[in-house]
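J.: Residue numbers (numbering that gives the first Met the number 0), protein chains in the order written: chain L, 0 to 135; chain P, 0 to 146.
Calculated from the structure, these hints are not laboratory results. Backbone N, C-alpha and C define an ideal beta-carbon position, used for all residues, glycine too. Worth double-checking, as some hints may not be accurate.
Here's a subset of chain L near chain P, in silico, CB distances under 8 Å, partners left out [claimed, not checked]: (1) Phe51; (2) Ala56; (3) Gly77; (4) Thr91.
Here's the letter readout for the chains.
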Amino acid sequence: MRPALVLGIVLLCSACGSDNSTATAPTTPAAGPGTQSLTAVMAPTGSAVRTFTASAAGTVTVTLNSTAPATVLGLGIGIPGTATGGCDMTTTVNTSGGSAPQISASVDAGTFCAGAFDRGTVGSGGVLVTITIVHP
Amino acid sequence: MKNAFIRPIVLALALATAACGGSDSSTTTAPTTASGPTTELFEGKLQSRGDSTFFSFTVATAGNVSVTLASVTTATTPGSSTNLPLGVGLGSPLATDCTVTSQTTTGPGLTSQLTGSNFSPAIYCVRVFDVGNLTVPINFAVRITHT
């Protein structure tokens, strides 16, 4: 075999080397335990709701951390629907907020929602709410 | 002399192009994602004592069904939940009705209160009904998870 032909074949094998490249599989973000927060200015008769996904069965806690000005609000947890702020509430409490969770609920894996709503106490200037949701 | 050197290289490159061409024309198969359970929302109202209503859904592949009475609220206190127990049943449509084959009386929660296994592909229904506690109209929401 002539040297030039050998050189050509070597070039050929080198060019085809890309077949040995490693394919990278597409990755899907994994759902997992987490903490979601929500800060919102809520208008009179309004609501501030956030949807979240529990990756496994477990306990969810919902905390109305603060309201400004200080106000008693409804705080609830439920499933996405057409009721309060797009959330069909399962459990609700009336609270002015604090550092300890006001709601603790057992859930299956799935999508849920939680948030605050006006019970007729919010003035025309609205209320600033901060909510924390901890889920499995 | 020059041609004698170049010709084999051109031949080799032609072979190379042909050899590599095969992989370029291969068909790429998109990764498939297994479909999970389907979740449906059944929202409704019970107006008075003894009232009931139902919702039909289709099981596409054999599997389990779980039913969660997730919300019961009254129209008099919008947004506020109540723990009023309701009847929740699972069965099959019959004419314009829902024939319940399993049922429970339960208050609202976020874990399933009624489950069944080995449902064959077919149409099924969930019935929500008052068990004698209703004094004011209520709104409810039920989550149905099935295959």
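J.: Output the numbers, in ascending order, of every earlier hint that fails for this structure.
T.: 1
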